[in-house]
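Let's have the full structure, built from the sequences with the hints guiding it.
Protein sequence lines correspond, in order, to chains A and B.
Everything in the first sequence is counted per the numbering used here, starting at 25 for the first residue and increasing by one.
Everything in the second sequence is counted per the numbering used here, starting at 25 for the first residue and increasing by one.
Any given hint might turn out to be false.
No copy is singled out in the list; a pair is fine if it fits within one copy or between any two copies.
What the hints assert, rightly or not - No farther apart than 30 Å at their CA atoms in a straight line, the calculated lysine-lysine pairs in the DSBU-like style are these:
id : residue 1 : residue 2
1  : 120       : 269
2  : 269       : 122
3  : 333       : 85
4  : 229       : 30
5  : 30        : 122
6  : 454       : 92
Treat the hints as calculated values from the structure; they're not laboratory data.
None of the values given here were measured: they were computed from a predicted structure.
Number of protein chains: 2
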Amino acid sequence: MSAATKKATIVGGGVIGGGWVARFLLNGWDVSIFDPDPQAKRKVGEVLANARRSLPSLYDKAMPTEGKLTFHDTMAEAVAGAIWIQESVPERLDLKHKIHRQIQNHAPADAILGSSTSGFKPSELQDGALRPEQIVVAHPFNPVYLLPLVEFVPSAATPAEVTQRASDLLVSVGMKPLVVRKEIDAHIADRLLEAVWREGLWLIKDGICTTEELDDSIRYGFGLRWAQMGLFETYRIAGGEAGMKHFMAQFGPALEWPWTKLMDVPEFTDELVDLIANQSDTQSGHMSIRELEQLRDDNLVGIMRALKKSGSGAGGTINTHEATLPNPAPVDLPITVHRQVPQSWTDYNGHMNEANYLEASAQATDRFMEMIGCDAAYIAAGNSYFTVENHVRFLDEVHEGDPLIITTQVLQAEGKKMHLFHRLSGADGKLAATVETLLLHMDLNVRGTSLPSDEVARKLRDFADGHAALPIPEGAGRYVGQK
Amino acid sequence: MSAATKKATIVGGGVIGGGWVARFLLNGWDVSIFDPDPQAKRKVGEVLANARRSLPSLYDKAMPTEGKLTFHDTMAEAVAGAIWIQESVPERLDLKHKIHRQIQNHAPADAILGSSTSGFKPSELQDGALRPEQIVVAHPFNPVYLLPLVEFVPSAATPAEVTQRASDLLVSVGMKPLVVRKEIDAHIADRLLEAVWREGLWLIKDGICTTEELDDSIRYGFGLRWAQMGLFETYRIAGGEAGMKHFMAQFGPALEWPWTKLMDVPEFTDELVDLIANQSDTQSGHMSIRELEQLRDDNLVGIMRALKKSGSGAGGTINTHEATLPNPAPVDLPITVHRQVPQSWTDYNGHMNEANYLEASAQATDRFMEMIGCDAAYIAAGNSYFTVENHVRFLDEVHEGDPLIITTQVLQAEGKKMHLFHRLSGADGKLAATVETLLLHMDLNVRGTSLPSDEVARKLRDFADGHAALPIPEGAGRYVGQK
Numbered sequence: 025m026s027a028a029t030k031k032a033t034i035v036g037g038g039v040i041g042g043g044w045v046a047r048f049l050l051n052g053w054d055v056s057i058f059d060p061d062p063q064a065k066r067k068v069g070e071v072l073a074n075a076r077r078s079l080p081s082l083y084d085k086a087m088p089t090e091g092k093l094t095f096h097d098t099m100a101e102a103v104a105g106a107i108w109i110q111e112s113v114p115e116r117l118d119l120k121h122k123i124h125r126q127i128q129n130h131a132p133a134d135a136i137l138g139s140s141t142s143g144f145k146p147s148e149l150q151d152g153a154l155r156p157e158q159i160v161v162a163h164p165f166n167p168v169y170l171l172p173l174v175e176f177v178p179s180a181a182t183p184a185e186v187t188q189r190a191s192d193l194l195v196s197v198g199m200k201p202l203v204v205r206k207e208i209d210a211h212i213a214d215r216l217l218e219a220v221w222r223e224g225l226w227l228i229k230d231g232i233c234t235t236e237e238l239d240d241s242i243r244y245g246f247g248l249r250w251a252q253m254g255l256f257e258t259y260r261i262a263g264g265e266a267g268m269k270h271f272m273a274q275f276g277p278a279l280e281w282p283w284t285k286l287m288d289v290p291e292f293t294d295e296l297v298d299l300i301a302n303q304s305d306t307q308s309g310h311m312s313i314r315e316l317e318q319l320r321d322d323n324l325v326g327i328m329r330a331l332k333k334s335g336s337g338a339g340g341t342i343n344t345h346e347a348t349l350p351n352p353a354p355v356d357l358p359i360t361v362h363r364q365v366p367q368s369w370t371d372y373n374g375h376m377n378e379a380n381y382l383e384a385s386a387q388a389t390d391r392f393m394e395m396i397g398c399d400a401a402y403i404a405a406g407n408s409y410f411t412v413e414n415h416v417r418f419l420d421e422v423h424e425g426d427p428l429i430i431t432t433q434v435l436q437a438e439g440k441k442m443h444l445f446h447r448l449s450g451a452d453g454k455l456a457a458t459v460e461t462l463l464l465h466m467d468l469n470v471r472g473t474s475l476p477s478d479e480v481a482r483k484l485r486d487f488a489d490g491h492a493a494l495p496i497p498e499g500a501g502r503y504v505g506q507k
Numbered sequence: 025m026s027a028a029t030k031k032a033t034i035v036g037g038g039v040i041g042g043g044w045v046a047r048f049l050l051n052g053w054d055v056s057i058f059d060p061d062p063q064a065k066r067k068v069g070e071v072l073a074n075a076r077r078s079l080p081s082l083y084d085k086a087m088p089t090e091g092k093l094t095f096h097d098t099m100a101e102a103v104a105g106a107i108w109i110q111e112s113v114p115e116r117l118d119l120k121h122k123i124h125r126q127i128q129n130h131a132p133a134d135a136i137l138g139s140s141t142s143g144f145k146p147s148e149l150q151d152g153a154l155r156p157e158q159i160v161v162a163h164p165f166n167p168v169y170l171l172p173l174v175e176f177v178p179s180a181a182t183p184a185e186v187t188q189r190a191s192d193l194l195v196s197v198g199m200k201p202l203v204v205r206k207e208i209d210a211h212i213a214d215r216l217l218e219a220v221w222r223e224g225l226w227l228i229k230d231g232i233c234t235t236e237e238l239d240d241s242i243r244y245g246f247g248l249r250w251a252q253m254g255l256f257e258t259y260r261i262a263g264g265e266a267g268m269k270h271f272m273a274q275f276g277p278a279l280e281w282p283w284t285k286l287m288d289v290p291e292f293t294d295e296l297v298d299l300i301a302n303q304s305d306t307q308s309g310h311m312s313i314r315e316l317e318q319l320r321d322d323n324l325v326g327i328m329r330a331l332k333k334s335g336s337g338a339g340g341t342i343n344t345h346e347a348t349l350p351n352p353a354p355v356d357l358p359i360t361v362h363r364q365v366p367q368s369w370t371d372y373n374g375h376m377n378e379a380n381y382l383e384a385s386a387q388a389t390d391r392f393m394e395m396i397g398c399d400a401a402y403i404a405a406g407n408s409y410f411t412v413e414n415h416v417r418f419l420d421e422v423h424e425g426d427p428l429i430i431t432t433q434v435l436q437a438e439g440k441k442m443h444l445f446h447r448l449s450g451a452d453g454k455l456a457a458t459v460e461t462l463l464l465h466m467d468l469n470v471r472g473t474s475l476p477s478d479e480v481a482r483k484l485r486d487f488a489d490g491h492a493a494l495p496i497p498e499g500a501g502r503y504v505g506q507k
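Quick look at the structure:
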């Protein structure tokens, strides 16, 4: 352990404990583990493997060098020198008390002792402890290595300094500590989840829907809003220009209606309406409803486009619908792309980012490959074209919402080679860029070049023959900076 | 209206009605509107403006040509020839009955009459109607033009043919109809939302958290899971290899604990556990827990990277954390990028997509610009560099999880010109690509070329002088296909 390296101790190496291990370790901390389970090494190893393939992908910079991971047979050895000790043992108060006693017998007095408990209040955990002020709730969400949220619950016995220091440390490993103002069973998020769980059990039990249909009612709808804004900011938008009070006037009465089997509802007083409307103003009042709508929509587009890749939930719906949209009809030069420029393709210069010119032209190449029979089935059978060289000229700016049309001309088609020239035009059909691209046919099994199938070669040849009469495009065969 | 164009009538042009207008219109349908509100045109126009900037961005193909939008003073005129009529008037049963009567007096008998009601059952809407079999619940989610979910609730009086035809039409405009098996007040999603709303009101009223903190407890945590998987599939993963029964055994007892103020819980019988475990197997049993975890993680990375752009929720946490990660230290040639290749950058060929080579090299250019003082403040002040030409050589494959390092060499720095050469190396430091790029300094206010500031010019000159002794890199000054 170098002088600057921080050390965390993880007590209990299940899915949650393993997630904490990954969170600290991949952020450069040394991590020691105490868990008598003989399977602990394997289990932690599996979580770490998941974390290593995903967490660094969130960042456009390299993460710190991983710290050192050690397993220990004694608590004394495990906690020595730790500044954060995280307990993630099963949800039984007597067990947690026993483990905390063991930890406090050996741990540095100024280390934070966080419990991953879903339900217990910090005062319950502190009850009878050696140093109550050291014990807090730090409740994370699975997968701990990716999801930022930690509900950090202090009690009246917790010094403000401990809360501040713990929050800073959680932020330093990329997390979002949410300091809970008053302790309560199950904190905040799990209370919301428990309410949904209870209502969900009724719906399944009464045969209104299956588990899959219930999941669909979330992930194709409000789940996409909650991933970015949560409940109240979403409802603020629903209230429109009339604001949060209007929304509440509209939906407040539902508290009296049979819209859930869960009763014991709070009284819907003017005080409660004012409290919520004022808090909502503080939270979101710096943005107009129109600005909030556009932020929501940009986030929804970004989230749903991200889900297109896996086809999960709304991403699958888009893929299915997109397949029904017509491909551009072949004309003189085939139109291989016809689309609108999404906001997510624009950058700090206020125009389409250079990488997205290539994303669009790669799409044109994909479509052209399909047109010559190099389609998904052909690729699945072990054949494809790989790009070996590109030359891009950026001739005009393209902006959010502009139409984008790409035509594709075959410059050369010979053996393994396919040499294409894409013209990208934006608003008013003005030429925005050209992309000259050379591809080689590949055998995906040996990862080496090979000849295309007879059918692909024939279809490519047909295009090449058709285009042979066209002049070599201006800008083809050019090197960067050529006069 | 051409022979092939379908027509929808929207009755009530508020936020929900306007969303339906956009959904149909942008999918090529003609849309007629009936709404006596003198503000209806303005309101629908505002929703349409939002929809036009976002909905087409979901797709990598152009959407159909928009249909024709008309406003009508009489119901008879509005509904003539419509195959779908959607009612979105305020949530009062007597009002809905009155409007449905008006609609049915004039509408084609075989048109679908969908109500956007959040709460009423279809049998309540059908009660006393002219043609009960024509009326169904089609409950959408705001923004209707982006979110796919429609809860489609038939009653016992609804012919199966109507449900099928309506579902097909909803799918054809990119939506996800969820056919609800048994009618119930508030259908499915709004029952879940109502449960959360009730628990949320308690939390705010009791001073446990503010509206913003409650939103944060969702959007930094389980909201990110729900956007892709919903409740039960997420819990299946939490149950781990031991499965859904194990999860339920673990959290079933919470039904008896004070984890929410909402009571009237269903009895936790073996039958209920079996019912849920079996449905979960049907839903997700084709994937192992490990596969589900990796799918979840890939989706989380995609969603959170999408949120990085706006900085909303978890995206903001990543941006804050990333800013604390060290930039690569300048060495002989400056390292301008050091990162890991995310899964989202890979394509159907199983390697990094060509567009992402340029995304990474654009990042290198950005970082180099920062190093010479062309940073966010400089750009905000109205100056920047625009890329005018790129040449990319793809030399080796790069795969998910590989490290990616880019060095940047200045080939030329003269007046407005900045000519750079990026070398991208992947696993084992093997050269994976080179990107030669020419940029021109721009005055962003006039969108024309200009000279850089003295400070930027001086810093760029320092790099250029330092690199002058280096040989011209192999591959520079090359045209596509050059021998």
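Open item on the list: For each hint given before, does the structure comply? Return the numbers of the non-compliant ones in rising order.
Closed with: 4
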